[in-house]
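Enquirer: Now for the letters of each chain:
There are 2 protein chains.
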Amino acid sequence: MDLPKKVEIMDVSPRDGLQMLPNFVPTADKVELIERLKNCGFRRIEAVSFVSPKHVPQMADAKEVLKVIGDDPDIDEVGLALNERGLNDAIAAGVNWITYVIAATETMSKKNANTTIVDGVEMCKKAIKLGHENGIKVRGSIAVCWVCPYEGDVPKERVLKITEELAEAGADEIAFNDTVGRAVPNDVYELCKRAKEQFPEYHFAAHFHDTFFTALANIYAAMTAGWDIFDSSVGGLGGCPFSPGASGNVATEKVVWMLHKMGIETGIDYEKLKEMAEFAQQIEKKAKTNIARE
Amino acid sequence: MDLPKKVEIMDVSPRDGLQMLPNFVPTADKVELIERLKNCGFRRIEAVSFVSPKHVPQMADAKEVLKVIGDDPDIDEVGLALNERGLNDAIAAGVNWITYVIAATETMSKKNANTTIVDGVEMCKKAIKLGHENGIKVRGSIAVCWVCPYEGDVPKERVLKITEELAEAGADEIAFNDTVGRAVPNDVYELCKRAKEQFPEYHFAAHFHDTFFTALANIYAAMTAGWDIFDSSVGGLGGCPFSPGASGNVATEKVVWMLHKMGIETGIDYEKLKEMAEFAQQIEKKAKTNIARE
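Residue numbers (my numbering), protein chains in the order written: chain A, 2 to 295; chain B, 2 to 295.
Heads up, a few of these hints could be off.
No distinction is drawn between identical chains; accordingly, a pair holds when it is met within one copy or between any pair of copies.
Claimed, not checked - In silico PhoX-like cross-links for lysine-lysine, where the CA-CA straight-line distance does not exceed 25 Å:
(1) Lys286 - Lys162
(2) Lys111 - Lys194
(3) Lys55 - Lys6
(4) Lys194 - Lys6
(5) Lys197 - Lys64
(6) Lys6 - Lys157
(7) Lys157 - Lys262
In short, the hints are calculated from the structure, not lab data.
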């Protein structure tokens, strides 16, 4: 069993963790969340997204957040985009990385970005080109790689075809997302293994939600297929909008505990991380409180 | 990846799930828990333990529980024992299976059964012999196979040596227990693989706690090593006495959801199981309420 000796974890709590919270999280809290993540040892943080403030008002202060945290040469600040406007905003804001999100099903492409799979892939290629022209690295991020809440199980061939196109376009990294937390480890292993066999030198990342508690099993399965970059969210922030009440992103502290006990390095200080998980959960709690009732 | 097509799950909630609850669970509730498990499709249920009522008062009605549920030819009722008296009581009570528990570390052997590893193994062999003479199947159940709360990481060679002795003594099944929920999937895979290679025809079971959320990952890892019998507890009943506040046994409904989505048969009705998880959690809640305060 050849497992990686070192794994990179990107914490996505400032973006995926906060985006669905009903009350606006003050910019200062977002900044503190990011600063504390840096202090735990994270070197890549999904800090913001550049999406319509009408649809995701929580991210309306994206530019402000980036301005306040400043340009730390040790840290890659990642901004997410899923259309041309967001892409241009991310470039203008001076992020180091762009996560450009497309989807592996037509329904999700339509719901998420009002586009088609084919047009999504074309826009992602454009994001890679524009990003590189501006000295920015680009992750091609594929939503619903295993299960789509609208279309069910997703054909692996389709995901691999999209992967091929993004790889040929020069994406710095390709992420497979289990957007609704319904992937299971045998399917994860199979898809990850095939992608790795097809592109052995390529950087792949996986993004698992823990809706049905399979995220750690899926991370282990992906590692046995040679994958070594994973997303997670401190404190488990980020309830999945499709499964009310269910947990969302896999909690970073769960991932780090398992990896360290497995003898795999992450560069993260687990004790500091556990401490800040409480801080993150307090932010979430405050932003869930129904202000109208107070 | 050769995964089993079918997996057997033994629900242990009536025993491991209830044993540490501070208030006595009425015999009628215990019986209903077992009846509902049967109705979900379980064919082997860890119903009771025969331990000192002084140390585990919750199991004082073990004989009564077995008497009320009666002798169902379709169901294997399992009774747990960890010393000679318990063994004799289990035989007298007419269970179909005995889980005889020993431990892989001296400290745990001492704490759990006031014995040594060597004497524990000898008693387990006696349990196998006595059980067989009385038409009862015997699982040799080894506590703390990966991590001991008192001694830390447990040498795999020692667990395999105990396994060898129990196998030679004719145990019908050998279980490896992650008693405090600190096992991780690479260690699980390695130990399970070695046991299976050494005894390819043997029946092995694994019992994982979910204290650090690795239980599903560990079950997946064990399955990739060819294991196909797992313990779990509906509703996640059974807080681990060594880790207050942490979750205990892995919840059966989490296991069944994952296995079914993986295309692995269990014989369990998931919808009925989800429904009864709430019933189980109500039993737990009632038995945790501080009566003195009411």
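Enquirer: Could you run down the list of hints and mark each one as holding or not?
Expert: Hints, verified against the model:
1. For the identical chains of this complex, lysine 286 and lysine 162 are neighbours neither inside a copy (41 Å) nor across copies (50 Å), given an alpha-carbon limit of 25 Å.
2. Taking the shortest Cα distances, lysine 111 and lysine 194 never come within 25 Å of each other, neither inside one copy (29 Å) nor across copies (46 Å).
3. In this assembly of identical chains, the alpha carbons of lysine 55 and lysine 6 never lie at most 25 Å apart, being 43 Å within a copy and 48 Å across copies at closest.
4. Taking the closest pair of Cα atoms, lysine 194 and lysine 6 come within 25 Å of each other both inside a single copy (18 Å) and across two copies (21 Å).
5. For the identical chains of this complex, lysine 197 and lysine 64 are neighbours neither inside a copy (36 Å) nor across copies (56 Å), given an alpha-carbon limit of 25 Å.
6. For the homomeric pair lysine 6 and lysine 157, the shortest alpha-carbon distance between copies (21 Å) is at most 25 Å, but the shortest distance inside one copy (28 Å) is not.
7. Only between protomers do lysine 157 and lysine 262 lie at most 25 Å apart by alpha-carbon distance; the minimum there is 16 Å, versus 32 Å within a single protomer.
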